[in-house]
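Chains as they are written, first to last, in this note's numbering: chain B, 1 to 327; chain L, 1001 to 1255.
Since the hints were derived computationally from the structure, they do not count as laboratory data. All figures in this text were calculated on a predicted structure; none of them were measured in a lab. A few of these clues could be false.
As the list claims (entries may be wrong) - Sample of chain L residues lacking proximity to chain B, with all beta carbon distances greater than 10 Å (derived):
hint: 1; residue: Q1009
hint: 2; residue: N1078
hint: 3; residue: F1085
As the list claims (entries may be wrong) - Covered stretches of chain B (in silico footprint by chain L; criterion: 3 or more residues with CB under 8 Å from a CB of chain L, positions within the stretch not fixed):
hint: 4; stretch: 167-173
hint: 5; stretch: 183-195
Idealized CB from N, CA, C, for every residue including glycine.
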Amino acid sequence: MAKLLEKSLPEPKPRISQQTSNRMISIATISALILTWVIITQNRLVEPLFAPSPTDLWQAFQNLLPNLPGDLVASILRRIVPGFTIGVTVVTLLGIYMAMNQVGRAIFYPIVEILRPLPPLALIPLLILWFGIGYITQILLIAYGIFIIMVINSFEAVRNVPPIYIHAATTLGANRRQIFQRVILPSIVPDIVAGIRVSAAAAFGYDVAAELMGAMTGLGYRLVLARRYLLTQYCRYLDHYCHPFFHHRFSDQTGRCQSYELESARGTKVRHGVGQLLLGVRQGIRLAIYQKLVSKEVQNENHPSPFCSVRARPLHRRLSTSDSTTG
Amino acid sequence: MEQEKIKLQRVSRVYEIGKGSTIIAVEDVSFAVSAEEFVCIVGPSGCGKSTLLYLIACLEKPSAGEILIDGKPVTEPNPKVGMVFQPDSVFPWLTVRENIEFGPALRGIPPSQRQRIAEYYVHLVGLEGFENTLPRQLSGGMKKRVDIARAFANNPEILLMDEPFGALDAMTKEKLQMELLQIWENERKTILFVTHDLEEALMLGTRVIVMSRQPNTIQTILDIPFPHPRSMILKTSSQFQEYRKKLWELLHLNV
Ligand SMILES: Nc1ncnc2c1ncn2[C@@H]1O[C@H](COP(=O)(O)OP(=O)(O)O)[C@@H](O)[C@H]1O
Ligand SMILES: [Mg+2]
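Bound conformation, chain B alone:
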């Protein structure tokens, strides 16, 4: 009997070797990309301004090193963490409330549906009008961005809790509060975690957008400065290496938190999959709009802009010592 049972468990060995071979493929891909990059930049096939070489990047990294910890702390601790926390908390509670309470749904669902198509960045002018250029506006932008991404997700998560779990808990003697704590909350964790993973990437995007509004520290601020002075290697470093790096670490952690999958009915799964797909598409559109806004920002650099503050000067001088590497 026991042997029979053991057989039904997946055998660990082939899975590990499959994992290693997949990892090898990943390493090979990345190595090939880096090699291409080195060949292109070393042979000056492209103007260094448009594609900085690895050595430029290393130089830039070393120049930024004194500022980097402060920027990261500013971005992550002062803006992303509070904004993210507020967004996730509000959205989870509202989603649960809308799913479990008819009146709550009647009140909030239409409001959510009206707000959802609006890209959060379009709210920046209003936010500035209401709260001024500053910390509160920055945090609210991030929180609102997270909210918009996750709201339908958390609402559907509660609605998709299989009724059989609630029935089972009921026959075991659970009251309403116990059903909420012991059945509904744990069943929506995977959906909430999935939502957090999707929105974690966006949080960095909104953070950069937020820092375009009058921040004096942080990654986005550094990015604005670097773009302004055409120090591409810094942009690239900040844009492509800092953000995805931290985002990746974060996803990795939340991925581990997602300790189980709900093996619910196939219908729910398909619906869930379609929902995720739509979320992804919306995310893409929103990012495209964001990129467009940022590129406009860069084009406007030649004109005096309200972002070009006096405070930037000393830092500019500090950065310009490395101008020789820009060529």
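Based on the hints, put chain L with the ligands in the right spot on chain B.
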């Protein structure tokens, strides 16, 4: 006459499906089950067996008629009435042990005592070594056994079981049938057991309720006279085969 543990009086359940059209899932069903009886319910699929159990567990309300447990009308779900559902209902976010402890934990039973309860029922359903496993790593049959252990660990007086062994292989099924009989003989619970397997109904039940489809109601109730304790040898006896034939004919008169 013994105390009637469960009593149904002219119970019906009608579902509204869309505009004006309805389905009568259970129609005018009356029967009584005495304490410590083991009653099996057989019938073609869609004849209202599951609905009947949902009604007794008070997960659904009857459209007409009354359900009494211990002489009192049921108004809300009661942990005295446990249920093993037809589909898998193991909580996927809890380990095997935590699933089995779910009922006792709700009632605030201290962890050390819960541990002992869990150990006993893990052993009973043969899941030793899987206590700390999450359900997604278990096979369908193993999950079903967690379902059964969880219902038993809550120590209900009445157990409603909806085709609990339907998805199991023949060997596991026979083992669990024997164990269920033993538990019933030792712990004297009242069991209502839905199955589509006629041999299973005859093997386990002291009575068998035969239901018909359209109308979804009771066709006949058969007393099963085989003495307890029973064993698998019973299946080979000529009397058993006779009853099997009788049941088969009753079911097929209708279809
Ligand atoms: N929630 C429901 N809504 C509509 N019809 C239902 C519902 N539950 C059961 N039915 C119908 O009631 C009848 C009996 O169902 P059920 O009790 O599940 O049968 P069985 O368990 O005997 O196969 C079926 O025709 C089924 O379609
Ligand atoms: Mg059924």
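Assertion that chain L covers the stretch 183-195 of chain B - criterion: three or more residues, beta-carbon distance below 8 Å:
Result for this restraint: holds, n = 4.
Over 10 Å from every CB of chain B: does Q1009 (chain L) meet that, or does the non-interface label fail?
Correct as stated: the minimum Cβ-Cβ distance to chain B is 22 Å, above 10 Å.
Reported absence of F1085 (chain L) from the contact zone with chain B (all CB gaps over 10 Å)
The claim is violated: F1085 (chain L) sits with its nearest Cβ about 6 Å from chain B, within 10 Å.
Verify this label for me: N1078 (chain L) is non-interface relative to chain B, using a Cβ-Cβ cutoff of 10 Å.
violated (8 Å)
Outcome, coverage hint (the stretch 167-173 of chain B, chain L; C-beta under 8 Å; three residues)
holds (count 7)
In summary, the structure is inconsistent with hints 2, 3 from the numbered list given earlier, while agreeing with the others.
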